[in-house]
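Please work from the sequences and hints to get the whole structure.
Position 562 of the sequence shown, counting from 1, maps to 562 under UniProt numbering, and the rest follow consecutively.
These are calculated hints, taken from the structure and not from any lab test. A couple of the hints might just be wrong.
[Stated by the list, open to error] What follows is a list of derived Cβ distance ranges for each label pair:
hint	residue 1	residue 2	range
1	Glu-254	Met-635	45 to 55 angstroms
2	Glu-390	Asp-471	32 to 42 angstroms
3	His-246	Asp-298	19 to 29 angstroms
4	Asn-809	Lys-584	37 to 47 angstroms
The beta carbon of each residue, even a glycine, is placed where N, CA and C say it ideally should be.
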Amino acid sequence: MDPFTAISLAGNILQFITFVKTIYKTARELQKSATGLAKADEALHWSASELQTIVDNITAGVGSIPDHPGRSNNSSDLRIRELGRQCREISEELVSDLGKKGTQNKFSFLDAVKSAMRRAANQSELDEKTKRLNDVQNALFKHLVAHISNQQHGVSRAIADLVEQNRKLAANRTDDLEALKSQVHRVSSLLESSLKTASVPLDTELQTLQSSLGGWSSKAEQFKREQAVIASLQFPGMHARRNEIHARHQNTFEWILSPRVHFQEWLHDKSGVFWISGEPGCGKSTLMKHLCTDSVNDQALRQWAAPRKLVKAGFYFVRQEPSLIPTICPERWGDEPSDVWNVHELLSALDRVASQQLSVRFCFFIDGLDEYQQAPSTNAEGTTCTHTSEVIQIMATLSKIPDIKLCVSSRPWLPFEQAFGRILERKLYVHVENRDDIRLYIRDKLETSDIFLDSRLDRRDLQYLIDDILDNSGGVFLWVVLVVQSLLRGLANLDRPSELRKRLSQMPKTLNGYFDRMLDSVEDIYQEQTAQILQTSLHAVEPLYVVTYSFIGENDPACPTGACTPWSEDECVMRARTAEVRIKVRCPDLLRIVATIEAPRTAQEMIGNRVDYLHRTVRDFLALEETQKRLRRSMTADFDAGVYICNSLLAQIKGAAPRGRKTRPGSELLQLVDDITFYLRDVEQRLDEPQMSILEQLHTALVQKGYGVVLYRGSFLGYAVEKDLQAYVHNNISAVTNAHTRAILLDRALSPIFKSRYPATAPSIEMVKLLLRNGAGPNESAEGTVKSVWERYLTILYKTKTASRSLPNHESHIIIIQELLKHGADPSVSITTSWTERKVTMGKGGGRSYPIYMDFAELVQFLFSPIEREYIEMLMTQRSGVCVVL
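Given below as structure tokens:
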């Protein structure tokens, strides 16, 4: 349980105690002297509804804490809960004393207090009531101290968790969290001092304590919501790309400060877009990484932003200014931000930035526009579909916002040239500017190496090599790096100057030529395995795990077999190390190992080590038709990379450690299941070959290892529905005889539970049709709610359109609505879109708010265009037999 729940309840209890003690104090004054009436008037300027509000809050707080000890709460929670219960009893006694319940007018309430207290019991009874309140207060202080200091479940632990999450997300709340920690420490010291001295805190101290307890809860809730939104913006591998980009070589890119390239001028004074372009491998990403971190650039940007604050981001900016989240992401602030963001929603957030009078200006550094893709996808060759026109439109939209400037990079493709390259002062080509950087790199690498110092190579020979490399490089830094490595190998072999020149002359003059040579260098015995490894890497949507390649070379690499037996720690280490060596030998200077775990102990932990390309240009080379023909010729057996990936991931899941204390079923294992089901769907749709055996083995392995829980109540069929595994669902849906269970499956197709790393663009139309044909009722209640499946789906559409100001893939949603209406979905349904402000009502101190509804016809008008509305109107008319006008 959230420890701040008990803190919030404690604040309400203290507020109640202070209020009631004021009433009893007034009673004494009324009994002693008529002159006390004026003071009473002032002291009792509260209405009965305000007292009832406090009591209502206490009641809600008591109800939110379970009445039995468990892992989610501790003894101090329960004791504070008990004090809240006692306060409710005291409030009932007070209402009885006053003789009026629910009085709202402050003057009638004051009259009631005066009348009741004039006839109130004697002084001793008032003293007894006051003593009871003091006892409750002292007990509250005692339990608060325990609750704050509890290192496992208390406030200190909760704040430590917030601090740790703030660090992980790099959210700019460090100072605020430190201030919160200081407040908690001061309050804890005040409480401890009061308990030790048995003294009653001053009124000012009580006011500070009361406001602090309420403030902690609201602040903690604010920080948690901010962190949830920031976390929802993260995606697997988002930091890996930046971390894998090499830092610049010392003293390179100094030319970026030259007036000749106009970049500093743009930083100081200009808005809009500055385009950094260049040939593949020339160092664009390395330059962008340098620009993001260089302090000189920061100084220039601050001058541009002045007098407002500068927010600079290479990924996203809300972690620098989390206070902006409620303003620019109001829907994400109000709901649990678990769904994957779409482009429209992100642009809507930035539109709000433009429409707000904010005290900040933004500069975004966006690398690799030519690598943009809407969603992970593969085709027969494994290449990804880029969307240059869409990304250009996104950049154009952002560049029109006055307080945003963009520094973007891409290859010099014609669409980017036309969009960003028309103004000479707003673009540069890295391969044109980096000649001196290349010369510096070659000198530093050769002259400072021990191998060169031990050789007899003189300065003239070195200069010849440098000039030759420069003349042939074409500004492609990656080619230079590979050539220098070859020369260093030659120096290590004691090559003479003539041999070094020959080595250099025989080096291919292009990256593709170099990669082709690397393929030639592989021994004949390994050529087939090389082709299988490279085809697998090319088919992968993102870098696969090292262990995924470990089955290459077995009798049937497409079907690794094995019992559902956990791999030992030694087996995991050996399999990982063996796979690394085999990959390096079979794919030299083509693939590289990205390792984050030196010695994985379980099959799950092995996902920390991946295989990636030496450079993106390797993938481009492998996707070439000529390279594909060569790789296919090298493979004698029929090999499909997608089928191999499925079988290899299955073997890794079979080798996973069973569920226990040292394993995390919600992370690594679920990630593997997400991976395999994505590729199973790919094989099913691409080859029309459902891998039923793999799915059955996967289900069995998860159950045997105790991981069925990760599939949400053990429903593997429901998980298959979410992953759009239509053949498996078709084969197993007949076993589902319960109407409510079939409706739950439909609900999962329309609103998936799991957040996948391979986001789908819309619910699967074919899966929805399949479930409807098999009796899934759209008007049945959805899981965990009184709403129907149909109503929940419409609510999701409303929230999506509200959040992003558009409805992505609305054509698919029209077809789904059509199918749902055909199968009986109720067109008279209404959804709740918002709530009214709280209104005071008799007996409800806090007041009530009321839902605001939108019926189906209004929702259709909100979601769709006039032509689309006409189509849905026709469907509704056909269904009802009555003309319907939306």
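These are the hints, each one checked on the structure:
no.	hint	result
1	Glu-254 <-> Met-635: 45 to 55 angstroms	48 angstroms, holds
2	Glu-390 <-> Asp-471: 32 to 42 angstroms	39 angstroms, holds
3	His-246 <-> Asp-298: 19 to 29 angstroms	22 angstroms, holds
4	Asn-809 <-> Lys-584: 37 to 47 angstroms	43 angstroms, holds
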